[in-house]
Amino acid sequence: MKTFAHYCQKCRAGNAAGEEFCLKCGTPLMLVVTTVAARHETAWHNSLQAEHLLERISVLEVRLMQVTDKLSDILDLVLRQSKVVQSEHNLIETVMDALTATGIIEKGQINQALREKQERTEKENAAAQNRETACQEVLDFGDNTKIDLFTHLVKEGFKQIGAGDEIQGLKTLERAVAIAPENLPLLAFLGKYYFQIDKRGLSGNYLRRARRLDKSNVVVNLLSAVLSADEGDYDATKNLLENFVDNPKYVFSINYVLGMVYVAQSNHKDALTAFRRILASR
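In our numbering, the protein residues as written are 3 to 284.
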């Protein structure tokens, strides 16, 4: 239904908002909802708002141009650096070819040495990352008493191992174990570390302590199973691993150990099943 803002006081005709005279009889309206001045004021306000928006848009355009220029400079720098690297690589290749041609060096040996160095660097970086993660897991576990001393010993122990002082680092971590004897991540780390450096007796001790706290830890069970297999206790090995044969992360290691145990027991059927699980996971 059509509505009107106000009505003429003479003819009672409806008039829209903003009208000063009646559209039907021309009588000046006594009740004016929107004056001419108000309409001009509204128009001025709208104009001011539009100018403000245009100003903001202009500022955004300037900022965008500045960002574009910076990205262009960065791209130019990257391209120049890549050209320098490529030039240095070509220079090294040329020198190596010349030295190889004169019999001074063997290019293949140098390439092999470079690959080995790169692999060592990657392993060292991965080991450092693993130590950092393990350290944080140890500190986050449980509610340890004498927390300040425990935290200091854990951080210092991992720091010493990372710096190459392996013996002192392990002793420091063992002092931390004395403060928190049920810290599962710390027990598991020591068990794994001693396993890696072939200290099987110490490794087995910490792994057994870790298993008493958590029998579902896959790594602890896997390493314990390997130690049991080395000792000829094949039944213990199978008991430790039988619940983890489908673990996606360790399917190869677990089924390989089980397969070799079955082979040692002349159980070729189960050995074949274990090896097939490895193939199926790939």
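Don't take every hint at face value.
What the hints assert, rightly or not - Restricting the straight-line Cα-Cα distance to at most 27 angstroms, the calculated cross-link-like pairs of lysine-lysine (DSSO-like) are:
no. : residue 1 : residue 2
1   : K125      : K240
2   : K173      : K157
3   : K240      : K217
4   : K125      : K72
Claimed, not checked - Just the calculated beta-carbon pair ranges, DEER-fashion:
no. : residue 1 : residue 2 : range
5   : M98       : A282      : 31 to 37 angstroms
6   : R58       : R284      : 53 to 59 angstroms
7   : G110      : S84       : 36 to 42 angstroms
8   : S89       : N245      : 55 to 61 angstroms
9   : P250      : D216      : 45 to 51 angstroms
10  : S84       : G203      : 41 to 47 angstroms
11  : K85       : R284      : 37 to 43 angstroms
12  : K125      : L274      : 29 to 35 angstroms
13  : M98       : Q138      : 42 to 48 angstroms
14  : R202      : G164      : 20 to 26 angstroms
15  : N269      : N92       : 57 to 63 angstroms
16  : P183      : G203      : 50 to 56 angstroms
These are calculated hints, taken from the structure and not from any lab test. A quick note: this is a predicted structure, and the numbers were derived from the prediction, not measured. Using N, Cα and C, we set each Cβ at its ideal position, and we do this for glycine too.
Now the hints, each set against the structure:
1. K125 x K240: 31 angstroms, violated
2. K173 x K157: Between K173 and K157 the Cα gap is close to 13 angstroms, so the pair holds against 27 angstroms.
3. K240 x K217: 14 angstroms, holds
4. K125 x K72: Violated - the C-alpha atoms of K72 and K125 are around 37 angstroms apart, more than 27 angstroms.
5. M98 x A282: 31 to 37 angstroms: 45 angstroms, violated
6. R58 x R284: 53 to 59 angstroms: Because 58 angstroms falls inside the window, the suggested range holds.
7. G110 x S84: 36 to 42 angstroms: 27 angstroms, violated
8. S89 x N245: 55 to 61 angstroms: Since S89 and N245 have Cβ atoms about 58 angstroms apart, the given range 55 to 61 angstroms holds.
9. P250 x D216: 45 to 51 angstroms: Since the Cβ atoms of P250 and D216 sit about 20 angstroms apart, the hinted range of 45 to 51 angstroms is violated.
10. S84 x G203: 41 to 47 angstroms: 54 angstroms, violated
11. K85 x R284: 37 to 43 angstroms: 42 angstroms, holds
12. K125 x L274: 29 to 35 angstroms: Holds, at about 34 angstroms.
13. M98 x Q138: 42 to 48 angstroms: 44 angstroms, holds
14. R202 x G164: 20 to 26 angstroms: 24 angstroms, holds
15. N269 x N92: 57 to 63 angstroms: 59 angstroms, holds
16. P183 x G203: 50 to 56 angstroms: 19 angstroms Cβ-Cβ, so the 50 to 56 angstroms window is violated.
Hint compliance for this structure: hints 1, 4, 5, 7, 9, 10, 16 are broken, all remaining hints hold.
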